[in-house]
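Peer 1: One letter stands for each residue in the lines below.
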Amino acid sequence: MTSLIIRAKELLENKTVQVVIGYEAGPTGVARPAFITDPAKAESLIYDERCVQNLAVYLTKREVKNIGKMAIVATLPVMRSIMMLISEQQLFADNIVVLGISADGKLLDIADNKVMQGYIEKSDLSNPEKYKGLLTEFNKLSPEEKFLYWQKELSKCIKCYACRQACPMCYCTRCTVEVNQPQWIPVKANTHGNMEWHILRAMHLAGRCISCGECGRACPVGIPCHLLTMHLTDQVYNYFKVYAGTSEKMSSVLSTYEPNDKESFII
Amino acid sequence: MSDFEPKVVAFVCNWCTYAGADLTGTSRIKYASNVKIIRFPCTGRIDFMLLLKAFANGADGIIVSGCHPNDCHYTSGNFHAKRRWIMFKELMDFMGVDMNRVTFSWVSAAEGAKWADVVNTTVTKIRELGPYVSYKELVNKSVEEEVKND
Amino acid sequence: METTRKLIRKQSLEKLYNILSTTRKVYAPVIASDKQVEYKYNPAFTDVTFDHIRSTLSVKNVVFPKVENLFYYTNKQTESTITDIDLNKIQDVVLWGAHPCDNAAFDTLRSIFCWDITDEFFAKRLEKLVVIGFSCHLSDEYCFCTSVGLTPNSTKGSDILLSRLKNGDYHAEILTEKGNAIVSISPELFESVTNEEAEITSVKQKFNHEQVTAKLATAFENPFWVANSLRCIGCGACAYVCPTCACFDIQDEASGKEGKRYRSWDSCGFGLFTLHTSGHNPRNVQSQRWRQRIMHKFSYMPERNNSLGCVGCGRCSSGCPVDMNIAEQLEALQNI
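Chains as they are written, first to last, in the numbering used here: chain G, 1 to 267; chain E, 268 to 417; chain S, 418 to 753.
Hints are computed from structural coordinates only; laboratory data are not their basis.
Incorrect hints may appear among the rest.
In the DSS-like style, the derived pairs of lysine-lysine whose C-alpha atoms are separated by at most 30 Å in a straight line are [unchecked claim]: (1) E:Lys274 <-> E:Lys303; (2) G:Lys152 <-> G:Lys114; (3) G:Lys152 <-> S:Lys457; (4) S:Lys442 <-> G:Lys156; (5) S:Lys674 <-> E:Lys320; (6) S:Lys677 <-> G:Lys156; (7) G:Lys140 <-> E:Lys303; (8) E:Lys403 <-> S:Lys621; (9) E:Lys320 <-> S:Lys493.
Chain S is faced by these chain G residues, among others (derived, beta-carbon under 7 Å) [as the list claims (entries may be wrong)]: (10) Gly26; (11) Val30; (12) Arg32; (13) Pro33; (14) Val64; (15) Gly68; (16) Ala166; (17) Glu178; (18) Trp184; (19) Val187; (20) Ala218; (21) Val221.
Beta carbons: idealized from backbone N, C-alpha and C, even for Gly.
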């Protein structure tokens, strides 16, 4: 990705930004986030199929923000996260430079958020292909099978909250689980409490999840918790014809309404 | 199962359904006594976690009810609630929680008879479905997970 | 006691396992449906894995469960009654198949839980635990036991340590009285030792822990911490998978007039961990929490508990969603 390195170097040299958030290769060959502040170190930036993490999570992190203006290597999920963060007033559009990466790994020329919005609108915003099949298969199960499946999966949860921490949309400085009046979610990790936590997480992300799958990837015990939010992403589109993260002015699905919203279960 | 008496919790709004339930009483309409009514300012204030807590604490069925669309005392609380219920129902269906046990309805202050009907229908349905064993087992199993450690 | 060496044949190993698992709780590793290695109570011998590098979670939960009830209480008007947990109900457990790093961690945990006041819950569980360890014939790039004073066949923490030979038989080192008690259940399974060599993997040493400890004494304000923890997202995965992390939270859970107090795992990586009621947080940002994690394991514990807070299992690094590699960072620290 020489074009990415050149662009990053340029931005740092002419002091347009103070830090470039991108990927570098760790000693074990795993791609990981890099925070480049020195133009000479821009050489270590990489972009290939190993670079899967959603870097937008760092845009709201205090220590990163403190460095100064940020440039960020942004694939489609990152761009959508940026749109969501701006629309929820967590990020100033003027504070970041987007180094867009296309689906085939090429550096995009993204001058401003309008261009980014145009790019997002042209892209496929439904859940990633690899999860669509899983979701369809899963939806074929009977309710009893589903209930047992989630019990088994969620019994493994250790409440490390990696799913929450890895999510760019989970930026609250004080999460509901950290509040004890009322104590919605028990502090301990047992199957029932874990299920309540994952329901709460999915509900709070309904209409805000941008289908990056970070929550599932981050889980150290391999719970496919991203299926919950992705299912809701499907349903938000199904009912309200909205995908999250398409414009910096969009309002959240669950904090708005249309008088003629359709449902079939209220008597 | 003949001696099974369903426990039903009703989350209702202050302005329509609660007043409607009041009217049911003053109109001397008889309805199933299995329901425990909890009054809220508005359906928009009914957190989905309350429904889960009701199941966790032994409810076999739940009723959530408020003002008809366009009748909300606070203009839009019920519209917001509707969107939330749609999402909640979809998530619960995806996780295998039995949503046949949850009745959502609009009951106005004038619909005393409808309230009696909503409660009776729900209680009959829950009576057929039986106690919510699988959710109770989930809760009990979680307690056992800890006791095993003792 | 003096270590005795025996040979245990492949077939005898299965017999031993079956005898143990029919008479007591045996906690052994299996490969779950999603390819993760997890420990289960009394799995069938055919399901037990002997070729895993590391389980996803450590085995510390046999002595330090993720949730542990401490007592129950009931309130009647102005009087409260407290019911203690009957510690005598804690059952004997045989830990089967854990590797030397995990077993050494029991000593580390003891140095914390039995430091000045003995934690009776922990001590009772440890007393009831018999460890049949397996030395490692496999390792990967995340392993670094040799950097923290251990080896793939250290006997520390094990009651019996088994090492696989090329022909599939095992050498058994019987290290403690508890180990002897296991042997005496079925002594005919333990034969005289042969000269054959055990298959032991080699793990490259990445740093010298004494030098790291010495370096840390003056590294508190070093810019290293911020630079190397910017990518840390502040989850608790590293602490929860760690075999030596011992921090816990204490909570009361009440329902009406009854309730219980329990403790559950906690992590110094969480912002809430040090948040004061006043709103002040002495570890305000993630770099300070990351520093605490390293400092505690490699500086404070050697100083106060006379033991190193790390056994080099590599779980924190392999399980980290953002590749915070502890061995790499310690290597870098040693050279700053």
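Peer 1: Against this structure, judge whether each hint is valid.
Peer 2: Taking the hints in turn, this is what the structure says about them:
no.: 1; hint: E:Lys274 <-> E:Lys303; verdict: holds (8 Å)
no.: 2; hint: G:Lys152 <-> G:Lys114; verdict: violated (45 Å)
no.: 3; hint: G:Lys152 <-> S:Lys457; verdict: holds (14 Å)
no.: 4; hint: S:Lys442 <-> G:Lys156; verdict: holds (20 Å)
no.: 5; hint: S:Lys674 <-> E:Lys320; verdict: holds (18 Å)
no.: 6; hint: S:Lys677 <-> G:Lys156; verdict: holds (23 Å)
no.: 7; hint: G:Lys140 <-> E:Lys303; verdict: violated (35 Å)
no.: 8; hint: E:Lys403 <-> S:Lys621; verdict: violated (52 Å)
no.: 9; hint: E:Lys320 <-> S:Lys493; verdict: holds (26 Å)
no.: 10; hint: Gly26; verdict: holds (5 Å)
no.: 11; hint: Val30; verdict: holds (5 Å)
no.: 12; hint: Arg32; verdict: holds (4 Å)
no.: 13; hint: Pro33; verdict: holds (4 Å)
no.: 14; hint: Val64; verdict: holds (6 Å)
no.: 15; hint: Gly68; verdict: violated (13 Å)
no.: 16; hint: Ala166; verdict: holds (5 Å)
no.: 17; hint: Glu178; verdict: holds (5 Å)
no.: 18; hint: Trp184; verdict: violated (13 Å)
no.: 19; hint: Val187; verdict: holds (5 Å)
no.: 20; hint: Ala218; verdict: holds (4 Å)
no.: 21; hint: Val221; verdict: holds (6 Å)
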